[in-house]
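Construct the complete structure from the given sequences, taking the supplied hints into account.
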Amino acid sequence: MSDKPESWMQQAGNMFKLWSDQQEKIFGPMFDAAGYTGLAGGRMAAMKGDAAESLREAQRTWQSSVDQWVTLAQKAMPHGSITAESWKTLFDPSQWAQAGLGPLDAAIEHLVEGPSYATLWTLDRKILKAQKLRGDWAQDLAAYQVLMHGAWNEAVKRFLREINDTQGTPITSWRELTDVWVKTANESLLETHRTPEFLEAQRRLTRSGAECRLQEREIVEAFCEMQQTPTRTEMDEVQREVYALRRRLRALERSGVALTVPATASPNAPKKAGRGRGARQAPPDSTA
Amino acid sequence: MNSRLQFDPLQLAQQFADFSQRLQQGGELLRSVKDRDVQIATTPKTEVFRQDKTTLYHYEPMAEQTVAVPVLVVYGLVGRYTMADLQEDRSLIRNLLLQGIDLYAVDWGNPGRGDRWLTIDDYVDGYLNDCIEFICREHALDSINVLGICEGGVFTLCHAALHPERVKNLIVTITPVDFHADQAEGRTDHGFINLWTRSLTAEDVDRLIEANGNLPGELMSFVFSTMTPLSSLTKYNLGLLDVVDDEKKLMNFLRMEKWLADRPHHPGEAAKQWLKDLYQQNKLVKNQFELGGRKVELANITMPVLNVYAKEDHIIPPQCSRALAECVGTDDYSEIGLAGGHVGVFVSGKSQGVLGKGIVDWLKERP
Chain E
1 MSDKPESWMQ
11 QAGNMFKLWS
21 DQQEKIFGPM
31 FDAAGYTGLA
41 GGRMAAMKGD
51 AAESLREAQR
61 TWQSSVDQWV
71 TLAQKAMPHG
81 SITAESWKTL
91 FDPSQWAQAG
101 LGPLDAAIEH
111 LVEGPSYATL
121 WTLDRKILKA
131 QKLRGDWAQD
141 LAAYQVLMHG
151 AWNEAVKRFL
161 REINDTQGTP
171 ITSWRELTDV
181 WVKTANESLL
191 ETHRTPEFLE
201 AQRRLTRSGA
211 ECRLQEREIV
221 EAFCEMQQTP
231 TRTEMDEVQR
241 EVYALRRRLR
251 ALERSGVALT
261 VPATASPNAP
271 KKAGRGRGAR
281 QAPPDSTA
Chain C
1 MNSRLQFDPL
11 QLAQQFADFS
21 QRLQQGGELL
31 RSVKDRDVQI
41 ATTPKTEVFR
51 QDKTTLYHYE
61 PMAEQTVAVP
71 VLVVYGLVGR
81 YTMADLQEDR
91 SLIRNLLLQG
101 IDLYAVDWGN
111 PGRGDRWLTI
121 DDYVDGYLND
131 CIEFICREHA
141 LDSINVLGIC
151 EGGVFTLCHA
161 ALHPERVKNL
171 IVTITPVDFH
181 ADQAEGRTDH
191 GFINLWTRSL
201 TAEDVDRLIE
211 ANGNLPGELM
221 SFVFSTMTPL
231 SSLTKYNLGL
241 LDVVDDEKKL
251 MNFLRMEKWL
261 ADRPHHPGEA
271 AKQWLKDLYQ
281 QNKLVKNQFE
291 LGGRKVELAN
301 ITMPVLNVYA
311 KEDHIIPPQC
321 SRALAECVGT
331 DDYSEIGLAG
341 GHVGVFVSGK
351 SQGVLGKGIV
361 DWLKERP
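First to last, the sequence lines map onto chains E and C. Here our numbering is used: the first residue of the first sequence is 1, the next is one more, and so on. Here our numbering is used: the first residue of the second sequence is 1, the next is one more, and so on.
Keep in mind that the hints were calculated from the coordinates and are not lab data. Mixed in with the good hints, there may be bad ones.
To be verified - Below, simulated BS3-like cross-link-like pairs (lysine-lysine); rule was C-alpha separation at most 25 Å, straight line:
id	chain 1	residue 1	chain 2	residue 2
1	E	183	C	350
2	C	350	C	258
3	C	235	C	45
4	C	249	E	183
5	E	183	C	295
What follows is the structure, given as structure tokens:
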């Protein structure tokens with residue numbers, strides 16, 4: 001027997017079936033007791049037959065709907081319904097150390113990547129997306145660590161081979177032993193660092209880390225906007241404009257237009273006879 | 001005997017006693033050192049020009065001037081110019097001054113989040129150009145000598161190509177030109193930054209910069225540390241233990257730590273150009289790199305060029321630097337290949353006499 005409890009939809013379907021069966025049991029004898037069969041036997045028998053058929057039809061229709069709801073409910077939870085086991089994993093500390101969000105991964109992905117709605121859950125989606133990206137980053141970190149563990153294991157193997165190589169120079173001090181370890185491990189790690197697998201793992205980790213930070217910024221900025229507080233993105237726009245203006249100023253200055261120069265000689269600058277500024281002109285297409 | 005391990009219990013006991021004594025002495029020495037005792041970039045200098053966060057320093061002379069035209073030292077944005085003046089007995093700046101060079105250095109400052117829109121165009125055609133203009137004005141010269149270091153070397157190459165009339169002699173040190181030449185070397189311990197940047201997509205770089213605003217100094221420190229993984233991991237145990245009972249060595253170690261810790265963020269837009277245009281697409285050596293709407297044609301570098309590279313440079317592999325020989329438009333091209341690594345050629349005891357003297361001798365021949 002499965003320990004999986006029936007869903008509430010299945011339970012409702014069972015109850016309706018039970019109810020309709022009982023109705024039939026009640027109304028059947030009533031028809032018989034009222035003598036309908038005798039009074040107008042053919043018509044009443046037909047009526048009784050119609051009622052029973054209607055009930056069965058209603059039962060089939062209801063059951064069909066119930067089946068559809070059960071299917072819908074199962075699709076909403078790709079990992080199956082919430083069972084005692086799935087609850088246990090949520091509260092099992094050993095599961096928390098694992099990369100990703102476990103049984104919630106697919107559900108969050110569905111919520112984050114599904115269509116968005118004009119007035120519903122925009123901030124919630126941002127937070128959920130950050131949660132998902134954090135999970136992606138944790139997975140990339142785990143993949144990176146697996147590779148690094150492999151490199152360290154290889155280093156240990158080589159080190160053991162090295163110190164057991166009877167053809168090698170005798171090792172007589174702890175420092176010589178340490179030097180062998182450092183050299184061997186260094187070579188092993190460097191070789192790993194240059195493998196396509198490591199480079200890809202590092203690339204993914206760098207990228208997912210960046211995506212996490214950007215999503216976290218979106219959340220912070222959403223709260224900033226609620227309080228009319230300038231956001232990083234707005235500051236970036238302002239600063240970008242400032243630098244563009246500085247470049248235009250420099251270009252104008254070099255083109256010979258008399259302007260107050262933003263650069264200033266330090267008060268400590270030696271006083272020497274110098275040439276005037278603008279002795280040389282930048283090419284007209286210079287923007288810097 | 002089935003292994004190389006041949007420990008003598010007596011020797012082991014002696015080693016342990018030595019180790020304990022060293023630890024004791026080192027602990028006392030380390031406790032007595034304060035951060036204020038660890039000073040770098042102490043050569044006397046004066047601020048003479050400032051624009052935004054860029055500062056131009058003029059060093060006080062230490063000897064009679066032997067080269068008439070001043071030299072401007074240009075460091076990059078990955079790290080600080082203070083590496084060229086780490087300490088008194090390990091300082092390119094001091095070595096040049098002691099040999100009669102009139103010396104300037106540009107400090108790009110510490111770019112913040114608000115500087116994310118600064119481009120290499122701004123640095124080369126803006127700040128660097130204005131520093132050079134300032135020195136030219138101050139000395140009533142048409143051109144000066146320029147010395148670029150690493151990314152600063154790329155800046156000076158770009159400036160010299162765009163404004164050859166302003167550069168009398170160009171010296172580039174540990175400077176990448178062909179960013180894909182690391183592949184020719186085939187060494188596992190060289191050129192990891194080249195490989196790492198090529199493993200990223202252009203969109204990865206964009207999103208990284210978008211998320212952080214700049215290229216974080218901490219990220220670059222991490223990338224550098226992965227190039228020498230075990231050295232990075234054993235620096236504060238084995239490395240420190242090697243020097244902890246020797247005050248001079250300990251102070252050298254701590255000064256280098258101070259310089260390493262002072263790693264500024266690289267302005268975001270300039271970092272995109274650095275990583276995508278140069279490291280990924282290798283535009284400089286192809287003469288496709290554009291600044292301010294103009295192509296940087298290395299053949300326009302017609303002044304004398306001295307290219308100094310480090311033979312054991314794991315950050316800028318020698319072939320990446322030496323590719324310059326085929327690109328410049330001058331016959332007066334020289335190279336100095338120094339023993340040592342990327343930073344070692346500037347701060348190691350061995351290279352102190354060689355680097356400064358090599359540069360000054362070369363300049364004296366081109367007054």
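Now for the hints, and whether the structure bears them out:
In summary, the hint linking residue 183 of chain E to residue 350 of chain C is supported, as the alpha carbons are separated by about 24 Å, within the 25 Å threshold. Between residue 350 of chain C and residue 258 of chain C the CA atoms are separated by roughly 21 Å; this keeps the pair inside 25 Å, and the hint holds. Note on residue 235 of chain C and residue 45 of chain C: the hinted pairing is violated, with a Cα-Cα distance of about 33 Å set against a maximum of 25 Å. Our distance criterion of 25 Å between C-alpha atoms is met by residue 249 of chain C and residue 183 of chain E, whose separation comes to about 23 Å.
Among the hinted pairs, residue 183 of chain E with residue 295 of chain C is inconsistent with the structure: their alpha-carbon atoms are about 45 Å apart, more than 25 Å.
When the structure is compared with the earlier hints, violations turn up for hints 3 and 5 and for no others.
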